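Keeping their order, the protein sequence lines are chains F and C.
Numbered per my numbering, the first sequence spans residues 1 to 581.
Numbered per my numbering, the second sequence spans residues 582 to 729.
By construction, these hints were calculated from the structure, which means they are not laboratory data.
Hints are all accurate, no fakes.
Simulated DEER-style distance windows between Cβ atoms: (1) C/Lys668 to F/Arg529: 55 to 61 Å; (2) F/Phe310 to C/Lys668: 50 to 56 Å; (3) F/Pro501 to C/Lys601: 34 to 40 Å; (4) C/Glu679 to F/Glu230: 32 to 38 Å; (5) C/Glu655 to F/Glu230: 38 to 44 Å; (6) F/Gly214 to C/Glu671: 35 to 41 Å; (7) F/Glu230 to C/Glu671: 34 to 40 Å.
This one's a predicted model, so the numbers in the text were calculated from it and none came from an experiment.
Just so you know, even glycine gets a beta-carbon here, dropped at the ideal spot from N, CA and C.
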Amino acid sequence: MSGKLRSKVLKIDLSKYKYEVEDRKDLFEEWIGGVGVAVQLLKEELDFDEDPLGENNVIVFATGPFTPAYPLASKTVALFKSPLTGNLGESHAGGRTASSIANAGYGAILIKGRSRKPIYVVVDEDKVHFKDGRVIWRVKSSIVTGRIIAEREEGRGIRTVMRIGEAGIKLVRYACLTTETYRHFGRLGLGAVFGSKNLKALVVMGRKKYTPSGEGYREIYDMIYKKAVESDAMRKYHLLGTAENILPLNELNALPTRNLQSARFEKAEEISGEAFAEYSLGRRIACNHCPTACIHIAVLREPYEKEKYFYKTIMISYDYELIYSLGSMLGIGDRSWILKLIHKVETLGLDAMSTGVCLAWATEAFERGMISERETIVKLEFGNAENYLKAIDYIVDQPNEFYSKLAEGVEVAALHYGGVDFALSFGKNEMAGYHTGPATYVGYLIGLRHSHLDNAGYSLDQKMKGLTPEEMVERLVNEEKWRQILSSLVVCFFARGVYTPDIVVKAFKPLGVEYSENELYEIGGRIYREKIKLKRKMGFEFDELRIPKRVYETKSTRGLLEEDYIVRALNYYRERYWDNV
Amino acid sequence: MNTMNVESQKKRHVKKLVIKDIEKCVGCSLCMYACARKNAKRPEIGISGSGILAVSLSGFERGATIIFCHACEEPPCVEVCPTGAMKRREGGGVRFVENLCIACGNCMKACTIGAIFKREDGKPAVCIHCGYCVDYCPHDVLAYEVVE
Numbered sequence: 001m002s003g004k005l006r007s008k009v010l011k012i013d014l015s016k017y018k019y020e021v022e023d024r025k026d027l028f029e030e031w032i033g034g035v036g037v038a039v040q041l042l043k044e045e046l047d048f049d050e051d052p053l054g055e056n057n058v059i060v061f062a063t064g065p066f067t068p069a070y071p072l073a074s075k076t077v078a079l080f081k082s083p084l085t086g087n088l089g090e091s092h093a094g095g096r097t098a099s100s101i102a103n104a105g106y107g108a109i110l111i112k113g114r115s116r117k118p119i120y121v122v123v124d125e126d127k128v129h130f131k132d133g134r135v136i137w138r139v140k141s142s143i144v145t146g147r148i149i150a151e152r153e154e155g156r157g158i159r160t161v162m163r164i165g166e167a168g169i170k171l172v173r174y175a176c177l178t179t180e181t182y183r184h185f186g187r188l189g190l191g192a193v194f195g196s197k198n199l200k201a202l203v204v205m206g207r208k209k210y211t212p213s214g215e216g217y218r219e220i221y222d223m224i225y226k227k228a229v230e231s232d233a234m235r236k237y238h239l240l241g242t243a244e245n246i247l248p249l250n251e252l253n254a255l256p257t258r259n260l261q262s263a264r265f266e267k268a269e270e271i272s273g274e275a276f277a278e279y280s281l282g283r284r285i286a287c288n289h290c291p292t293a294c295i296h297i298a299v300l301r302e303p304y305e306k307e308k309y310f311y312k313t314i315m316i317s318y319d320y321e322l323i324y325s326l327g328s329m330l331g332i333g334d335r336s337w338i339l340k341l342i343h344k345v346e347t348l349g350l351d352a353m354s355t356g357v358c359l360a361w362a363t364e365a366f367e368r369g370m371i372s373e374r375e376t377i378v379k380l381e382f383g384n385a386e387n388y389l390k391a392i393d394y395i396v397d398q399p400n401e402f403y404s405k406l407a408e409g410v411e412v413a414a415l416h417y418g419g420v421d422f423a424l425s426f427g428k429n430e431m432a433g434y435h436t437g438p439a440t441y442v443g444y445l446i447g448l449r450h451s452h453l454d455n456a457g458y459s460l461d462q463k464m465k466g467l468t469p470e471e472m473v474e475r476l477v478n479e480e481k482w483r484q485i486l487s488s489l490v491v492c493f494f495a496r497g498v499y500t501p502d503i504v505v506k507a508f509k510p511l512g513v514e515y516s517e518n519e520l521y522e523i524g525g526r527i528y529r530e531k532i533k534l535k536r537k538m539g540f541e542f543d544e545l546r547i548p549k550r551v552y553e554t555k556s557t558r559g560l561l562e563e564d565y566i567v568r569a570l571n572y573y574r575e576r577y578w579d580n581v
Numbered sequence: 582m583n584t585m586n587v588e589s590q591k592k593r594h595v596k597k598l599v600i601k602d603i604e605k606c607v608g609c610s611l612c613m614y615a616c617a618r619k620n621a622k623r624p625e626i627g628i629s630g631s632g633i634l635a636v637s638l639s640g641f642e643r644g645a646t647i648i649f650c651h652a653c654e655e656p657p658c659v660e661v662c663p664t665g666a667m668k669r670r671e672g673g674g675v676r677f678v679e680n681l682c683i684a685c686g687n688c689m690k691a692c693t694i695g696a697i698f699k700r701e702d703g704k705p706a707v708c709i710h711c712g713y714c715v716d717y718c719p720h721d722v723l724a725y726e727v728v729e
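Using the sequences and the hints given, assemble the complete structure.
What follows is the structure in structure tokens.
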């Protein structure tokens, strides 16, 4: 790989209020960028036994070689030890984060230590400023925090403002880190890690450049751009956005409803992508350097409680996963109420999926009399959004032991209060919204961050029938290996149809880098194995994986799931991959 | 309008980059990257040389807008340039003569709408109304046309 690519790593030590820059050409040459490089940096700096909320947890933000050379490569990969799972935390976000880090001159930024007082950090190209964060530490809303910092700091249009809300400050184990108001490092609790470090926000800005070292840069750029705007590869995200999945998944018996007591929601029509687009969609915006503008923002117009002809208008970003987790999963079929719930988690800085799954479990446990209002304070019932709004505040404020447990995730809460059979987490990560069949669940379990995006099992369930458990595992693992490449290039997964392996090879050439498709696959496999090793070092035990019985009780797209099939798949995976690294 | 009229108009009015509908802007910044690819002796990766800026309106909940040279008839930036590096362009706006520039930054301060940006080397990046970015505006916010 050529020396022209971004290979500088900025290391910020919050304990010492110091920073240093290292040129890690070695890492970027061997591991491309993004997740590939982040794994190595984490390995070098992290004490594996460290408490995820302890001083010595480490956060790595990494961008890739195509940021910002080409469009649709604007993801940032964050790696850290997750306070939700106690193991490898990996979360991706769009917005302006990746391009701002790259334009500031860095391939990656690493944060370690813990500030003695609340601060926020501003990275302005070669300089790092540690700024007093004591006043904004009390600002509960991540949106308002973003606005205050945006007004106070320079770099309008060329910066990213990553910040936490009250959930991060209160160390909710599934607090998210929000960037540019509507994009999130959503999963696995990066917001709590920020909170534990007394770090309210990280601002990065810059206007640095580099020049392509090979020929044909503009031509390749145009080819990728045309493919992105003219082909069908991005069409789904152009139109209704991910919310277009509500109706088809409901039809397929795959839309988790009322804590997955059903996979069909009678009000799917009202909360469909079509209905949101027709009645609520107010604007669409884009991540940096992406023409698609898949970020769908709804308008919620609400009257003042006491005065006539007064309205407040709130803009709220929605996606499939939020409509599932704060809608069907909680039995809520009203768009306005779903938007209010989304706004609540957005403001407080919570992961929507984990929040919804936690509340869904709590509601069922409440209905079964395992817990009562003594624990929940408000009556939890499916469809009662007003009470869920209050319960979300309680998750953050943790006024009693019950909510403290719930703030640690559904698994911790269920182990304490009962109901593990219907506590829907996998590898301690709350499930995404796909009851499509065995590949989705095996995918969550073997996926290295226990996310639906690791290996897209939900997609495999819909596309392929009649696979043996072994064949299914092979396909999931192959997908996950290729996704290591995409997330090392930091290409958006939505653009995986644009960045096919042959295009990736071509796109590297003007940057002065030669790869063959086979080499890329091979590197993908190596990153995959490195992550398994890292998980093992952090103490991950395959035996501790838990399959909630609920998934066998509710009919899915592929009918009732067979435990034997899933167990056979897991055993095969374990033997072939896990024990073999 | 006949061809003769169009031709004669072209002589009097040069083409300019204009905003067709700012409300359609999604803040993608593709125009910025296009400018940097074009507006340099060698194509550039990044935004250092970009003479156009996409910003959110104090947070994306209020939408986005783009800032670039409005091709003034009497550009303040030309008046404050001590070396003559900023020159009036026929039909409005400026031509930037790089080798005369001493990177004093006066032009950036003088621009009322903040449409002159600082490159990595401290020199200004300003729109020269070449229209290259228009082809990369995916939502028809920008256009390149003769302006009366």
